[in-house]
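S.K.: Letter by letter, the chains look like this.
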Amino acid sequence: MFSIDTLSGLMVLTTAAFAWFYSRSFTYYGGVFVSWVVLILFGLGIALTAKGIFAAKPMRVRDGKFEHWNVVGIVGSLTLSILAMPWVGFMVTSIAAYTCISLLITPRSARTPRSWLESLGVGTVAVLLFYGVFRYVLLVPLPLGALFS
Amino acid sequence: MIQNFLFAVSQIFAPGNFLLLVLGGVGGIIVGCLPGLTATMALALLVPFTFTMPAESGLIMLGGLYVGAMFGDAIPATLINTPGTPSAIATTFDGYPLAKRGLAQHALIANAFSSLFGGIVGTIVLLTISPLLAELGLKFGPPEYFWMAIFGLTIIGTLASDSILKGLTAGGLGLLLSTVGISPIAGDVRFTFGVPSLQAGIDLMVALIGFFCIPQVLEMVEAGVKKYKVIDYRPQKGVVSRVIKQLITKPVLMIRSSLLGVLIGIIPGAGGNIASLVSYNEAVRWSKHPEEFGKGNIEGIAATESANCSVVQGSLIPMLTLGIPGSPAAAVILGALLLHGMRPGSELYTTFGSITYTFIISFFVAVIVMFLFTALGSRLFAKMVSVPLQHLAPMVAFLSIIGSFAIRNSILDVGMMLLFGITGYVLHKLGFQSGPLVLGMIMGPFAEQGLVQSLLMGRARGSVMAMMFSRPLTLVLVFLCGISIAWPIVMAWRKKANLKSESSQTLPQPDDLRGQ
Amino acid sequence: MQKVRFTAVFALVGLLVLTLGLGAMAKGFPDKPITYIIPFDPGGQSDLEARRQQPILENLLGVPVVITYKPGGGGSVGWAELAATKPTGYVISGNNIPHIILQPMQRGNAGYKTEDLEPVAMFQTTPIGLAVLKSSPFQTLDDLVNYAHDNPGVITIAGSGTYSGHHFAYLQLQKLTGTSMTYIPFTGAAPQVTAFLGGHTTAILANSNDLVQHKDRIRVLGFGSAERFAGLPDVPTFKELGYNMTPSIDRGVCVPMGTPADVVATLADAFLHIANDPKIQQQMVEQGFVPAALGPKEFKDYIAEKTIEYAELVRELDMK
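Residue numbers (the working numbering), protein chains in the order written: chain A, -5 to 143; chain B, 405 to 920; chain C, 189 to 508.
Just so you know, these hints were derived from the structure itself, not from any lab. Since we're looking at a predicted model, the values are computed, not measured. Just so you know, nobody snuck in bad clues.
Result set (EDC-like, lysine to aspartate or glutamate): computed pairs, CA atoms no more than 16 Å apart in a straight line:
{"no.": "1", "chain 1": "C", "residue 1": "Lys485", "chain 2": "C", "residue 2": "Asp457"}
{"no.": "2", "chain 1": "C", "residue 1": "Lys488", "chain 2": "C", "residue 2": "Glu303"}
{"no.": "3", "chain 1": "A", "residue 1": "Lys45", "chain 2": "B", "residue 2": "Asp566"}
{"no.": "4", "chain 1": "C", "residue 1": "Lys485", "chain 2": "C", "residue 2": "Glu303"}
{"no.": "5", "chain 1": "C", "residue 1": "Lys322", "chain 2": "C", "residue 2": "Asp404"}
{"no.": "6", "chain 1": "C", "residue 1": "Lys403", "chain 2": "B", "residue 2": "Glu751"}
Which bits of chain A does chain B cover? Going by a derived footprint, with three or more residues having C-beta under 8 Å, they are:
{"no.": "7", "stretch": "16 to 24"}
{"no.": "8", "stretch": "31 to 37"}
{"no.": "9", "stretch": "62 to 72"}
The beta carbon of each residue, even a glycine, is placed where N, CA and C say it ideally should be.
Could you build all of it, start to finish, from the sequences and the hints given here?
M.R.: Here's what the structure looks like:
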């Protein structure tokens, strides 16, 4: 298996190659800085890869228990809420995302109807409060949602 | 002058004006607290209300707001590891570790006192030698901006505590990210992948929220609640006086940081974000215990926050004397001045002397009032970290969404914020840190513009090399870059030598709070 | 008791809202808040102008006017956003010439086309002038042009932005004088003016308000207005000097294409009412702006005229 440094090095090299490929069409003054940065990234990427190969440290993602599904769940619920925001509006998606995340973190043993209600309640109050402040005091036009307007 | 001074004091303490100052300041603290809301935005919102007021009242309120925001931005940086404005990036390095140890209040008091100190030093400079400094600021041309950016990038040496190679790589990635959008010089459309909104480039605040908040939430969560120790807040007696005493015994640190803030504030474009990072870097460099920074050293907070607050007055120096705003926020205040028919320059100090001095002197009062607010409120704020994780994590996620939306009122920005968040999380796993990456994003535009403008100017005058290396101020900056790069190497070498000679000596154990 | 009073207040407020709503409905446009997009950062000149208009607009139109910022891409992000909204007149945006002409021309896809933006009214012009420092050896524009003839490319001119009003003023000046100079773009007025005042460039092409603001330290050699400007009475125009160019940055407002004509007319009336106010005009001149007051039709014609002028310059630039 790759060492963590080799993996990072290869990722950096890929990024640099991609940026170089994309920057070929730039004019001289628009591209000179990008070229320098890409060059430096190539150098660093090679150094990282080499370091990984010659001074390999075993890949270790994390010590101890790692709640993969919590992380996936939170990323998923945030993604969904952002995707849905233009349609159902800021308030609904935010309350939903808040409740979801709050529930996901609550340990399985502690997930009772009461904790559900608590998550939902605190989420609603917090979202409404911030919504009010941002929309009416600070005049930030938070999306209402295409379905409602 | 004396007359103006007395008039100013009588104006500031007139009940109406004093109320406006407090209102502006409290508004500023709130805006500063909320990531995504900037002082500039709040100032612009306030400008129409100041039309109807007398010029001095309006200016007092605007000044109070500007100062308040600089006090407020350290609060989320300390409590949830998320800078309220880009200026507070460096506050997270030591503020959050302190909060994790239950010493949030110490961090907040250090913030309040250093901001007060920076504000007072800044105001004294603004009041006394501003015309002189403004002329110095004009000497800063494209090559100087370039070298300043390179100097800024050398901070990576300090920020990357684990692996310098990864620190440099993260910085390089940040530089690359900063080139997204319309090229500032040639007008090329770069890395937008056909999305017109990306022509605006990546907003620094969107990236900040993404790289700081979201990995924070995910890392809180991945361990699972049972294992995760909720940050608890331990109330202690006499914190205020103890922290202040500790900081007062470091006059060099405090004064150096404040002056750095003023100087960097004068340079148009370079603001609190650069000043606070540079000041943090210097604090680490000159400290006898550099290894304690980043683990919860209140000197780190002091360096950051005093610089960040004195930037306010620094950015007003070229604005009042030359009409060149040193920061976007100063540009808004300049607009307000112009709408009241006041033109920057010598007129401000003669014809409109009474108003101008009222404005400047009101900063003394504003910083003291804001200090009282944040110091007294620190216990209250500090308790916020004891919120159970079930609510803290969704709250931070929710604030990230609302904050990244508020910057440009764009849902695309919210999406990008999340994307950066996930990227940041993966990068953390691979051993990269957010600090150097964001630093690259901040310095990128300065480096690029400085470089390309110098190229253009150098070619017009016959020699690019002469342009980059032969001007007196560039030589100073090149020298500083050299020192900054060499310093960590020298220190490492000396440490090695020391260890060899005293191999039996154990490393000093950092106690709970250094020097407490 | 408390509850009763609360209910009563609630009912009263409800009634009030209802009557206001009905009254507004009978009145037609506008009956709800208007969003005024500023496609630039807060604190810029477009923002300050909008802030000056905001209270008067609210008075004239009888609804709140909410200013929001959509900065980025030199304004293109805001205009792309406006172009995508429903053409009801409830979302309007600052309209800057030549930005809205040049961006779609140069970038291929700027996110909007010039025609997507329906001009409503133009209220302000900032002619572009060429200036040197007081200490400069160039006393007149001719001095500078002669020097540029003998030393091609040596004179550096600070401007703001690429493919911007300043950049094209520079191209026009080169073309009309038959010289070659070097244009150094900066990202805004503040860095541009700093670099110039610090002596890092030979000359500057700057907006009239910046020239007026720094008039004690600089010498303006030529000015982009059609006639002499009241704020700088001693400065000759480019036309007087024999160069037929009137470069300027113009500010107005626009709505999405397809907005009903009567809505455009209502908005235009309000903006022109402000633009024709002598007190506001006086303020503008003091700050270095040239007040203007063009209605929808005249504004459209003006844009068409400028489009032809710029299209020609862009063609020449591309041929190089």
